[in-house]
Amino acid sequence: MAHDWDIKSRSSACHSCEELFLDQQECVSRLTFTEEGYMRNDYCSKCWEGQDHEQMFTSFWQGIFKAPPAKPEEAVKKETAETLLRSLMEKKDPANGNAIYILAVMLERKRLLAERSIRKNKDGTLIRVYEHKKTGETFLIPDPQLKLDQLEDVQEEVVIMLGGKPPEEPQPEGEDEENEDGDD
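Going by numbering that gives the first Met the number 0, the sequence shown opens with residue 0, and the numbers climb by one from there.
The set of hints was computed from the structure by calculation and includes no laboratory data.
For glycine and all other residues, C-beta sits at the position ideal for the given N, C-alpha and C.
Where hints are given, some of them may not hold.
Taking lysine-lysine pairs in the DSSO-like style, the calculated list, with each CA pair at most 27 angstroms apart, reads [unchecked claim]: (1) Lys133 to Lys109; (2) Lys119 to Lys132; (3) Lys146 to Lys90.
Ranges of calculated distance between the beta carbons of each label pair, as one might list FRET restraints [as the list claims (entries may be wrong)]: (4) Glu151 to Met38: 35 to 43 angstroms; (5) Val158 to Gly123: 28 to 36 angstroms; (6) Thr124 to Glu35: 12 to 20 angstroms; (7) Leu150 to Gly123: 19 to 27 angstroms.
Work the whole structure out from these sequences, hints included.
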């Protein structure tokens with residue numbers, strides 16, 4: 000099965016009139032599923048009003064266009080949940096599906112991503128549509144429908160990927176205790 004995860008950036012111009020969006024301007028994003036996959040179109044409020052809303056589309060949402068800030072140079076590159084999510088999605092490796100989903104949920108809880116809709120494919124796969132609150136990018140994340148007993152292992156895997164240490168296994172009593180007298 001091909002995975003549908005993909006990042007679709009918010010346009011810097013209206014799909015209809017092609018005028019550049021201004022910082023803090025209201026805009027509407029529409030996601031349509033086509034034979035080629037998901038297609039995102041962004042509209043200014045005026046052009047959205049003139050659209051044929053009878054046309055079938057997967058979802059739409061209203062947002063505020065935010066001009067991207069100038070990116071400062073980082074002295075030391077560090078792995079964050081967002082950069083890890085992006086790099087795993089670029090690899091398009093189905094083995095990373097669980098980690099991608101957990102990272103998306105983490106970023107949603109940090110209020111960096113907002114879930115906009117859920118789509119169920121013919122094969123029963125759920126696709127969660129997230130929008131990045133700062134950049135307006137759309138993230139299409141397959142929901143692996145993890146069971147409760149699987150979460151801990153995937154969370155540990157993500158912590159390790161982010162550069163954290165895996166939790167230590169509890170030691171049986173009596174091991175690793177130092178001699179209180181200092182004798183060896």
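Going down the list of hints, with the structure as the test:
1. The straight-line distance between the Cα atoms of Lys133 and Lys109 is roughly 12 angstroms, inside the 27 angstroms bound, and the hint therefore holds.
2. A distance of roughly 24 angstroms separates the Cα atoms of Lys119 and Lys132; the hinted pair therefore holds under the 27 angstroms criterion.
3. With a CA separation close to 25 angstroms, the supplied pair Lys146 and Lys90 stays within the 27 angstroms bound.
4. Separation of Glu151 from Met38 is about 38 angstroms and conforms to the stated range, judged on CB atoms against 35 to 43 angstroms.
5. Here the CB-CB span from Val158 to Gly123 is close to 30 angstroms, well matched to the stated 28 to 36 angstroms.
6. In this structure, Thr124 and Glu35 meet the distance hint of 12 to 20 angstroms, their C-beta atoms being roughly 18 angstroms apart.
7. In this structure, Leu150 and Gly123 meet the distance hint of 19 to 27 angstroms, their C-beta atoms being roughly 21 angstroms apart.
Checked against the numbered hints given earlier, this structure breaks none of them.
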